[in-house]
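K.L.:
Heads up: the sequence lines are chains E and H, in that order.
Just so we're aligned, residue 11 is where the first sequence starts under the working numbering, counting upward by one.
Just so we're aligned, residue 57 is where the second sequence starts under the working numbering, counting upward by one.
Hints listed in this document are in silico derivations from the structure and should not be mistaken for laboratory results.
Just so you know, not all the hints are guaranteed correct.
As the list claims (entries may be wrong) - Okay, the calculated beta carbon distance ranges per label pair: (1) S157(H) x R112(E): 48 to 54 Å; (2) G233(H) x E67(E): 49 to 55 Å; (3) A262(H) x Q66(E): 53 to 59 Å; (4) D389(H) x E74(E): 21 to 27 Å.
Glycine included, each C-beta is placed from N, C-alpha and C at the ideal position.
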Amino acid sequence: MPAPVTYRGMSLVIPDNDSEWIEFYAHARAHRLMMRKCSACGLMRYPPTHACPWCQELGWTWQEVSGRGTIHSYEVVMHAIQPGFKEITPYAVVLVDLDEQRGQPTPDEALRVIANLVKPDFTAEADANVAIGKRVRVVFQDLADHLALPQFTLSDEPPEGRVWRLPE
Amino acid sequence: MARLDLTLERGPDMASIPPIARTHPGGAVARLDLTLERGPDMAPIPPSLARAPAEPWRGSVRRDTVVASLAAVQAARQEESMAQGLRDKYCIVGVGETEYSRNSGRTTRATAVEAVRKAMRDAGLGAGDVDGMMSYQNNDSTPANWVAGDLGIRLNFYMDVIGGGSSTEALIGLAMGAIEVGMCRTVAIFRAMNGYTEVRIGGTGARSAAPVRGQDLAQVPYGMRSAGQAFAPTFMRHMYDYGTTSAQVAHVKVAHSRHASQNPKALLKERVTVDDVLKSRWIVKPLHLLDCCLETDNATCLIVTSAERARDLRQRPIHIMGVAGRVSKPRTDFHWAAGPVSRVAGYYAKDIVFGQAGITPDDVHVTGSYDAFTFTTMLQLEEYGFCTKGEGGAYVSSGIIELGGKRPNNTAGGHLCEGYTHGMSMVIENVRQLRGTVDDYCPKAADGVHTHDYSPGKCRQVKDAAISMNLGWAMPPTGSALILRK
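Chain H on its own, in the form it takes in the complex:
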């Protein structure tokens, strides 16, 4: 086998470069260290991509090194041309949300209508321009056809899906599919819940009194009913397997609270310290109160349409590079059986979403993780490859995930501080980040003028954010992901 160092530059051949080596669209050059086997497949390497091995490297060097046989490269080409068929062809064109509160004082129908209408206005779409609507819920909300009716929207497609976390990204993918096959043209996706005043997300109240039958008998009779109770053994086993500490993970709450202090919409705007988290009362070990997210009344909405239609709308289109929906570990009925217990679904989702997008974690400027708990953020960032598996504790406590750090996470404060939306708000925030019009305290924020002063009560716009990623979580064995670019 001969070893060649190839220099790749953007060009018409870009689509055939394996995703792990591709530059992001803003793109500098990428470097591939390929181990090639001589053979009949040699010819397809475009001569323009090859340089003499002796020639010194010029340009930016990436740390990713791909070693692949040429046959593998060719196989990857074929697979990719299929997987990337929809990359950049669909956009998020409108976003909207109601106030985050613990007392909406109205129905989910009312809040859903407000959120959908705001997203339509944001996009510059009228009732006649939206013909698809989807929502997700757990028998705690209003179906899409009623909300559409209220707004004078005649639907060519609608669907209400059972589910909570990880549904946002999954429904975005389904909306793309519905549009792609011609079922409809533009889809509004909403989630409306009175998660504090009606059906409490934390599991207290009506949910705690529900009869126990079927699959629930394997856990609920043992006092394992709420999300925190259902996830905690995963978190605990991660601490055992990798030495992760409560103090490390508390940094997630610290970071998100700092971000929330720059967000007029956030329910909790007060910055907290690691000590605050560790001294808050225990809920279910290893979770303290401040490791847990909020319960909130709210509705949220985003609108998906084709890149072609997006060009004529009010906002800068935010392109969907890749999406993975409800990707799962084996034995999703009782995931403990399959293991490893400290592994989460991102392990399986990452190749799908990065494969479609043709980028690596290094190319992502801002992330939005599903922070139902501090631990879920740590586990997902680690599983998607933003750090090595097992080093999530060190990663989230390094400052990287804070505004001003290399790759801020949940810049609006997330579920831990802004409000609990079953995942939608983190996608909305990333759309605004990529537009450059995050609604912080900068006087000219709406015009995209930001100070990038990240002290309390100031700015939360990430400088030059071009690519974002959302990491959606339903439970340890199920997750979704979404990569966006401006």
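Chain E on its own, in the form it takes in the complex:
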């Protein structure tokens, strides 16, 4: 089993028999954002789980996605709980609708991913720049030989729909 990766004071544990995350993180380390795609109905899912939630098929393949998306919702942590996050507080956590599979198979569904909104150097993006509707793209924060965390950074694309952030 690879040694746990320590990141911001947390121990990230991914044992050899972790049939959900090992390959996902290995792909992320190669800077590819991969989703599990159902072999039967073709729908992608995240996190990397073991059955298709729409058709219960067990078979799947990895499918690379663009990593581009729109902020669907967010929060800004002003008071960190985990000690290792205190040094980067305030930091934003974003819920991102990836461009692929938006509104499928039903209108309220999407391929959604949670990560931090970071600057290109992986420091926290300023609170004032976080908003629903802003466009983002994935970046990969390398933590070990076998593990990188997908993160999001603001893209230079125009926002989608109404841009909204919590009033001051």
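Given the coordinates of chain E, work out where chain H should sit on it, guided by the hints.
P.N.:
Same frame as chain E, now just chain H:
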């Protein structure tokens, strides 16, 4: 299609009226506007229920209008006779709790024993009368069999369940089931935690240092670990979708703080203003400090038994009309995927619990919502239909949820002010409300004599409370509900 206006009155046929139109047991007449299709099903409408359409309406008119085909009415009858099989057959007969503190100075075993014993005394039950025990916990408490042993209770059934919020109502339903099938007769349900001095509910301390693996990898590495952090995107999206404001939601804290000022047991008895909430420091946007609940050391207990046995016990039996347990949105592993993100589990739970009880939100006199945060109360009241979806902000800031308002919520102060109990205290409070013996500052409160003067340090008994509802919350995609009557 012909349109008929039917007038329904209470009677032996009541069980066959769709829940949305039924009067509450205290009951005035209800009105149904039914659209009927002619057909072979016409006959089963009891003639006593039908009136000539031309005859003018007399009696109280409800705003609910049901349009249904007769076939649908019949289908509903069948479904209901199953769903309502246990309505009013089980009661909560005893409640008890320890002091709410931030320094219990003793084990959860000690506090659990105290709470269970108090509930037994409240009900007038001895050790030989309780033969079932259940608890819920997150590896932060004492199992039921030890607590029962301490109290000399020999168990025919016990179970300790992993879980926090929304477990109270779910376990009440499970206790009813255990009794119904004959596994046991009377079940004590408790929750005991040192939520401030041992395993902190807010996620600081030991919990923040736990290794991250499995499902947690989807959120925790991003600094999304505490309840507030895990729920905040739901709250934020509600503000985006419906224009809900921080000031509107702050009224939940204001209301609960007013209620806590009438509660000798409450940890925070000081009344606060909207401004106090908005000026308190940010924790995780959109949550200010005063949008968040307390962390508390305490134990709580309630006792469930059959209505038949309840008749002989010390307290007025409080009947269980309906219960829904841990009802969930799709993709409970990662509910963000399913959406809408601003929807919570009550959307799915409401038909179950109101269907069993055969009432509508209008019939409820007092509510107890899981106020882990101000927003959770707003979201639940809205999702269960106390107002239109999206109007929760206006609803909670209208005065309706305050004592003296149309339907007060969390009359003891709730998790925001009284203390944090993982949901049990709000059920205990509603039981006392329905008994008419809320433990406020009225001199003869224990005898059910109340002034209904809701100024600080006075009364918190709701006048003529006959039906209560609890809205239990585990997280945005999972919730429970409970409807009680006196």
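K.L.:
Now tell me, hint by hint, if it's right for this structure.
P.N.:
Verification of the hints:
no., hint, result
1, S157(H) x R112(E): 48 to 54 Å, "holds (50 Å)"
2, G233(H) x E67(E): 49 to 55 Å, "violated (34 Å)"
3, A262(H) x Q66(E): 53 to 59 Å, "violated (38 Å)"
4, D389(H) x E74(E): 21 to 27 Å, "holds (23 Å)"
Taken one by one, the earlier hints fail for this structure at numbers 2, 3, listed in ascending order.
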